[in-house]
Amino acid sequence: MATAYGPDTRDPQRSGGGMENRLAAKRFLPAALRAPVEARTWREFVYLMLSFPISTVLFCFAITMASLSAGLLITFLGIPLLAAGLAACRGLGVLERARARALLKLDVAEPAPVRGRTGGLMSWVGAVLKSGVSWRHLLYTLLHFPWAVFAFCVSLSLWTWGWAALTYPVYAWVFPAYAGIDGVQLYGDSTHNVYLDSPFELALTSAVGLVVVMATAWVIRGLAAVDRLMVSGLLGPSRLATRVTELESDRGVVVDTAAADLRRIERDLHDGAQARLVALAMDLGLAKEKLTDDPEAAAKMVDEAHGEVKVALQELRDLARGIHPAVLTDRGLDAALSAIASRCTVPVTVEVDLASRPAQAIEGIAYFTVSELLQNVSKHARATRASVDVWRSADRLMLQVTDNGRGGADLTAGSGLAGLTERLDAVDGILVVESPAGGPTKVTAELPWRG
Amino acid sequence: MRVVIAEDSVLLREGLTRLLTDLGHDVVAGVGDAEALIKTVGDLAGQDALPDVVVADVRMPPTHTDEGVRAAVRLRKEYPGIGVLVLSQYVEEQYATELLAGSSRGVGYLLKDRVAEVREFVDAVVRVAQGGTALDPEVVAQLLGRSRKQDVLAGLTPREREVLGLMAEGRTNSAVARQLVVSDGAVEKHVSNIFLKLGLSPSDGDHRRVLAVLTYLNS
Numbered sequence: 001m002a003t004a005y006g007p008d009t010r011d012p013q014r015s016g017g018g019m020e021n022r023l024a025a026k027r028f029l030p031a032a033l034r035a036p037v038e039a040r041t042w043r044e045f046v047y048l049m050l051s052f053p054i055s056t057v058l059f060c061f062a063i064t065m066a067s068l069s070a071g072l073l074i075t076f077l078g079i080p081l082l083a084a085g086l087a088a089c090r091g092l093g094v095l096e097r098a099r100a101r102a103l104l105k106l107d108v109a110e111p112a113p114v115r116g117r118t119g120g121l122m123s124w125v126g127a128v129l130k131s132g133v134s135w136r137h138l139l140y141t142l143l144h145f146p147w148a149v150f151a152f153c154v155s156l157s158l159w160t161w162g163w164a165a166l167t168y169p170v171y172a173w174v175f176p177a178y179a180g181i182d183g184v185q186l187y188g189d190s191t192h193n194v195y196l197d198s199p200f201e202l203a204l205t206s207a208v209g210l211v212v213v214m215a216t217a218w219v220i221r222g223l224a225a226v227d228r229l230m231v232s233g234l235l236g237p238s239r240l241a242t243r244v245t246e247l248e249s250d251r252g253v254v255v256d257t258a259a260a261d262l263r264r265i266e267r268d269l270h271d272g273a274q275a276r277l278v279a280l281a282m283d284l285g286l287a288k289e290k291l292t293d294d295p296e297a298a299a300k301m302v303d304e305a306h307g308e309v310k311v312a313l314q315e316l317r318d319l320a321r322g323i324h325p326a327v328l329t330d331r332g333l334d335a336a337l338s339a340i341a342s343r344c345t346v347p348v349t350v351e352v353d354l355a356s357r358p359a360q361a362i363e364g365i366a367y368f369t370v371s372e373l374l375q376n377v378s379k380h381a382r383a384t385r386a387s388v389d390v391w392r393s394a395d396r397l398m399l400q401v402t403d404n405g406r407g408g409a410d411l412t413a414g415s416g417l418a419g420l421t422e423r424l425d426a427v428d429g430i431l432v433v434e435s436p437a438g439g440p441t442k443v444t445a446e447l448p449w450r451g
Numbered sequence: 001m002r003v004v005i006a007e008d009s010v011l012l013r014e015g016l017t018r019l020l021t022d023l024g025h026d027v028v029a030g031v032g033d034a035e036a037l038i039k040t041v042g043d044l045a046g047q048d049a050l051p052d053v054v055v056a057d058v059r060m061p062p063t064h065t066d067e068g069v070r071a072a073v074r075l076r077k078e079y080p081g082i083g084v085l086v087l088s089q090y091v092e093e094q095y096a097t098e099l100l101a102g103s104s105r106g107v108g109y110l111l112k113d114r115v116a117e118v119r120e121f122v123d124a125v126v127r128v129a130q131g132g133t134a135l136d137p138e139v140v141a142q143l144l145g146r147s148r149k150q151d152v153l154a155g156l157t158p159r160e161r162e163v164l165g166l167m168a169e170g171r172t173n174s175a176v177a178r179q180l181v182v183s184d185g186a187v188e189k190h191v192s193n194i195f196l197k198l199g200l201s202p203s204d205g206d207h208r209r210v211l212a213v214l215t216y217l218n219s
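Heads up: the protein sequence lines correspond to chains A and B, in order. Here the UniProt record's numbering is used: the first residue of the first sequence is 1, the next is one more, and so on. Here the UniProt record's numbering is used: the first residue of the second sequence is 1, the next is one more, and so on.
For the record, the hints were derived by calculation from the structure and aren't laboratory data. Check before you lean on any hint, since a few could be wrong.
[What the hints assert, rightly or not] In silico DMTMM-like pairs for lysine to aspartate or glutamate, Cα to Cα no more than 25 angstroms straight-line:
#: 1; chain 1: A; residue 1: Lys290; chain 2: B; residue 2: Glu14
#: 2; chain 1: A; residue 1: Lys300; chain 2: B; residue 2: Glu117
#: 3; chain 1: A; residue 1: Lys300; chain 2: B; residue 2: Asp26
Just so we're clear, the structure is a prediction, and the values are computed from it rather than from any experiment.
Please take these sequences and the hints and turn them into a complete structure.
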């Protein structure tokens, strides 16, 4: 399966259940013919049928509350009553969202709950009245009612008529046997009557029925699509609120990543260079003690200490490069990526096709993405060669790392790739992994271009 | 002196072992985490061969947070006879307070850097093994700086403050005298002056003296 990312994951029609059934049916029937027997059509039909009674209740409730509170506005009672009515509409919205989730597979996020500033009754009333979400819920109950009645009538009559005509040959015998007529009367006046009774007419009726059944399926979808729009447009959080939630989560990822990076650096320092320097200090301390009575042992210790210093320097250098590689700042992506490619355990060809340099932050993320991907190649891919391509496509910076290894890259939560996906997501970037078992693996990353 | 070392970095564990062995002490066991430390000490206790002192790193697997301190507190409770010296990369006054809770007998808290001064470090280990106290100068400085008795502390002469710091580290009068290059008698005079100014009753035992000073600074 390809990496789930972007808007696709939020489109339940593509990733929702029933996918397998539809895939199986696909082999036998084209989409147009499949529609009437699909579970989705039936679910939506049930939705439209339920809409009528539910919407009637909602409408009556909303009208009653609205007019009652409008009437009482003269007294003080009207305002809290209106707020209570709006709050009740919001409560009913929960029900409607659940119904849409179950039958339309439409996942609409819960709008933010109303919170009064002080927690008192009056501030709650004020918050309910000021919240656009409340009024949109009220609007939904009012607008949805006529629509629900219309959709109910159209879909029910088409559906009944279609199936009745389609199955007409099956029960046509009932008419001569019990009703004393030859068949369904198509036309009749005092001079002549037309009955559907010959085999040709039976077949024709059934054929017309089939056409209507086919068409009904699509009519139902069309009607349900309008319901979808209403539910997502009027019962969801506002677009601004949605974006705020999205950005909040992105910011959370950024903060978490930064904190995790700092912890990693601290750990690396603590376990690496710091420990080495303590050991070095200890060695030199011992050597100092021995300098007078055992110069030979002291010399050996100084020698060891010298070795330790060199290792500590190496570790510090690696760590500093891990924080930010100097070559990236000085020479840009091409040089920096070539440097990490040369440290990879398999031969890597690097191709960077950029006319200018992107912003430093983007460069940094691109560098660490490639670095992480090449580390994966070294550790897991069992590849014999790999390649890195970087290019610009309009306002996106594209990175692609491919290898000829065994594929089957792990995308589950907690894996390096999942972490990378999160990081890129935080800057509005995208990571797509194509890694079938047996390979080859192709990982493409997209970053916004900032010059 | 019989020592058990708990330190997750192999490099440092071996360095410490070599250092202590070199100066004629017996390192009976070296372990890499707190659980193994408690188990090892338990085993040794079973053989009636308790070590004199345990030297433990604060940060050890699995969580790399304060395993060492928690293990040290536990060991001090279960085997009051052994000294526990905790080594840390950073000074955390909180850890020192936890370690000193109850008694300051046979307890130490030092920065890892102190191992560079081999003699002083081994002196500190020996002191802790014998029931004394070894507090890092930085911990003492933090305690002095944070103490709410600043006005009283301000009444001390600079030399007296120095002596107070060294005393709080757990040093004996003669060690203080050596450090400051003065006579034992002079140190004794400073100490009695300090006790007078802080309003503490002079006590003879070195570790009880430390406790008195620390309690005073912490209150």
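Checked hints:
With a CA separation close to 18 angstroms, the supplied pair A:Lys290 and B:Glu14 stays within the 25 angstroms bound. Annotation: proposed proximity of A:Lys300 to B:Glu117 holds, straight-line Cα distance about 19 angstroms (limit 25 angstroms). Proposed proximity of A:Lys300 and B:Asp26 is supported: the alpha carbons are some 23 angstroms apart, at most 25 angstroms.
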